[in-house]
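Participant: Listed below are the residues making up each chain.
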Amino acid sequence: VPSKQRRGVKMNKFLGITLIVIALAIAIIPAFTDCQSQGRSLALANGGTTAMKCHWTAQAEIASGVPLLAVGAMMVVIRRKKALITLGVMGSIVGIFTILLPTQLIGVCQTTMLCNTIMKPSLTVFGSLAIIVSLGAMVLARKMGD
Amino acid sequence: VQLVRLALKNIRASGFRSLAIFLAVMGVAGFLLTTTLIIAGARYSLDSGLKRLGADLLVVPFGAEDKIETALLMGKPTNIFMPRNNLEKLVGIPGISAVSPQVYLASMYDSPCCAVSEMFIVVYDPATDFTLTPWLEKYLGRGLNEKEVIGGTYIFVPQGEKYIRLYGYDTVLLGNLEPTGTGIDQTLFMTLETAMAMAASSSSTAMERLYVNPDRISAAMVKIAPGEDAHRIALRILKEAPGMVPIESPNLFGAFRSQMNGLLWGFLAITVTIWIIAMYLIGIVFSMAANERRREMAVLRAIGATRNFIFASLLTEAALLAFGGAIIGISSAAIGLYLFKDLLAGSLRMPFLFPSIPSFLGFYGGGVALAILAITLSALIPAFRISRQELAIAMRE
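If you read the protein sequences in the order shown, they are chains S and R.
What the first sequence shows, in my numbering, is residues 898 to 1043, in sequence order.
What the second sequence shows, in my numbering, is residues 498 to 894, in sequence order.
What the hints contain is simulated information worked out from the structure, not anything from laboratory work.
These figures come from a predicted structure and were not determined experimentally.
Just so you know, even glycine gets a beta-carbon here, dropped at the ideal spot from N, CA and C.
Incorrect hints may have been included.
[What the hints assert, rightly or not] Lysine-lysine pairs mimicking DSSO-like chemistry, simulated, CA-CA at most 27 Å apart: (1) R:K564 with R:K548; (2) R:K838 with S:K950; (3) S:K907 with R:K506; (4) S:K950 with R:K506.
[Said to hold, decoys possible] Distance ranges between label pairs, derived from CB positions: (5) R:G763 with S:R976: 24 to 34 Å; (6) R:K548 with S:A948: 22 to 32 Å; (7) S:V974 with R:F806: 48 to 58 Å; (8) S:I959 with R:G640: 26 to 36 Å; (9) R:T803 with S:R1039: 39 to 49 Å; (10) S:A948 with R:N582: 35 to 45 Å; (11) S:V974 with R:Y835: 32 to 42 Å; (12) S:I959 with R:R882: 42 to 52 Å.
Extracted from the complex, chain R is given alone in its bound form (with noise of 0.2 Å):
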């Protein structure tokens, strides 16, 4: 307590020096935090979304592998389809346990039923499904009938109204998925029947007609059985099933990864460096406080003040600067990020999703201490330096 309470006398009467370690330490450790919690969350997004999309495989037919990760990322359509009766020769391959068809049917612009400007459609096939259906047996006890879908976190039923209406048609929504920060959010699953029946009513309902071929699907998701092994059946599908590209769930993705691990090590880099240079002139401001305090140190020393005493006393002030810095730069970084996310997710391009509480609590407690830690250890050697000095020779200066 008697050294904690030196340390706070210690930084309040020399306020400016201080200040500017205080303000350094905030500083990197919100830059820390911010490209952290950055990359985290594009990687929570994707993991949330990879969760949510619940395959093994992604089978899409061959040239638009690009096209269908960008429709399931960004929620754009795609109008490359492939003919049903692919799903035959999928179900024959031995190792796969389960397909079932998806169809990317749509894009609506600026509709009132989704906070984001484009609504995406995507029809399942509820017979095969296994996506979708486990969550709808969870939260509704049952699949969807004609007329019912279900929608991404975005998607809502307009106020004032009890259905969405799509081509002129009437839907009800029955619930939301949970976010997942990827194109799922603002996408809308129907059944198969549902499409038949809206691209029907579209004719006499809607300004520009649907079409719905049921012949045509965008993409098949595959099921794996136990004990296989995903790499080993993907190259089955490339050999057995001409015209199809299979994608493996932790390879899905793939560009958009590269590119954020590309980010990732050059936030990375760019962080090291500024925390070896910040360290390093912290280290300097301490060594030149050490330098003016060497006298006011020996009057301590005098009074009968350990060695170990002033050097613990140095530390601590650099610790509870530290301290301060970093709970006030990682608080303001975390509040900015969480307030600013929709706007750093769009100018980024890049799915983002805040991570878990538990996630967050982590990195908050690391970059506190790693703060206290790089500064502590900036002060060390003028800290030992001080504390070990001839009290003489001190005094006599």
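The shape of chain S in the complex, shown without the other chains (with noise of 0.2 Å):
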């Protein structure tokens, strides 16, 4: 049992590790994959300009990393059965909105932008691999004992 528990925890170390190249990823490729990166903006009648709705969801975005980079460093240093299954939860919750982020709540622009061509299916793709590896840490930790 003791090798198992050690090998749970090492398995929950890399899994942690990975959490957080995924949160820098999230956080990151939006800020220059955005309209607003490109130099493109709205213009206003006013003859001003406003960021487009992808800039929003970038913003957005940072706000979906930061804590699922907080859930993967915790995940490397807590061995605690509960608490890594708590992270695991959390870390599926912060995986879920950020793919909702681009695709409902807040939307990317227009086809051919690369906010819909890149950054959209990027968070896509992360959120996904955050949700994968968040739940093989709540599996591997309810393997593990106390």
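Since each chain comes alone in its own frame, lean on the hints to assemble the complex.
Facilitator: What follows is the structure in structure tokens.
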């Protein structure tokens, strides 16, 4: 049993580091693929400009990436079964919101724009990976002893 | 069940070797499906475009063949026209049952009513049209009136608005055509009546005036009478209607098709080479593993396992690895391709439409079956050798 426990802790450390990498990708990629980063903005009737909606998605993804980063970091240091399960649940929820922000909640711009061709699919992939890794961590934690 | 359990235990026991084979199958199967889906998606898109076009022949002004093809494929406008009375010459040719003009009027850039940066406006003649009218009759039960338009799948009414405003003229979007992956998706269709009204309005409502000359057309859609040969009619048009060039529907987008075929053969050659190399390497890995496991297999024989059981267990091990690798590789490739399809179509500059579910499932099943077959074949010789070894010699080693 102790060796099983050790293997579980080691694996959760690995999953925690993976979550940190995913979180960084979620927070950073949108900043370089939204329309604002490409010099595009909406022209207003008064002659001014305002950011397109993909920019707000990119901003919101920072708020998604940072908690996921914290979840990953905690997964690396924490060894308690219940805490690891809780972290897995939190990671999954953040992963779901990472996908929902560009697809349902805020959205991105037009078909050929970078935010639609790169940002949205990348966030969908990384969000899905965050969910898979978090669920994996939960399953591993359940197998561990207290 | 016993066979599968033994194979699974063997896979778990030799983790690194199994992982290497699994990853190799995953990579090769994923690459195979990606290339196949790209080519199939481009073909599906072209076929959908041609079906939507619905004409047997497209007659265009002499010298404008490529430009008209680009107009239809990518939604780019042309400024090459021919006189409208050319239609009369076409109607007079025996074997032609219907002729209808189309005018590729203008392109709107960064229009708020189009999901892509360029929107293409096409004018058709409802009195003679046989391409859009059947669709309109089916879905609307009538044709288009003045101010009414129909759009490709990327056309929409801007949020909070009731109309699509073009040159300061309000039009009503009555519906959207099915996606084709070609320029038709970003095209807005209207009648000549609407185009004339829009042009008249543009002098006072738009920053840039729109000119519509009802005596000029961009192309003529031609329908051949039943039983007639399209190629023969095309030759007749070339002979009897100077200044016009017929493009047979299957030959439409010919330059693109030949480019795509080149791509297909290139991809196919790369894929076959990779498969052969992967099969050879996996065969070597299995041979090495078989040599390592001679004693293990001899013990199995000694406790009563038959030669066929050992042979089958090794093949099952290979098939299970191939199955797992192919499922993961092909699924990841399909998801990646689906998510990044717009990026792919944009960077390859080709039309792309994700294949229909039945054909996708066909590709998926084919890919998995091919992977299992190829990897099982790779393991065939090592499995045969190890199952036929002499028990006493193997035990002594």
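Participant: Does each hint hold? Answer for all of them.
Facilitator: Right, here's what the structure says about each hint:
The straight-line distance between the Cα atoms of K564 of chain R and K548 of chain R is roughly 20 Å, inside the 27 Å bound, and the hint therefore holds. Proposed proximity of K838 of chain R and K950 of chain S is supported: the alpha carbons are some 22 Å apart, at most 27 Å. Between K907 of chain S and K506 of chain R the CA atoms are separated by roughly 23 Å; this keeps the pair inside 27 Å, and the hint holds. Simply put, K950 of chain S and K506 of chain R have alpha-carbon atoms about 52 Å apart, too far for the 27 Å limit, and the pair is violated.
Evaluation of the 24 to 34 Å hint for G763 of chain R and R976 of chain S yields a failure: the beta carbon distance comes to about 53 Å. Between K548 of chain R and A948 of chain S the CB atoms are about 41 Å apart, so this pair departs from the stated range of 22 to 32 Å. One distance hint, 48 to 58 Å for the beta-carbon pair V974 of chain S and F806 of chain R, holds here, with the actual separation near 49 Å. In this structure, I959 of chain S and G640 of chain R break the distance hint of 26 to 36 Å, their C-beta atoms being roughly 52 Å apart.
The hinted range of 39 to 49 Å is satisfied by T803 of chain R and R1039 of chain S, whose Cβ atoms lie roughly 41 Å apart. A beta carbon spacing of about 53 Å between A948 of chain S and N582 of chain R contradicts the range 35 to 45 Å that was offered as a hint. The hint said 32 to 42 Å for the Cβ distance between V974 of chain S and Y835 of chain R, and at roughly 37 Å that hint holds. The supplied range of 42 to 52 Å is broken by I959 of chain S and R882 of chain R, whose beta-carbon atoms lie about 59 Å from each other.
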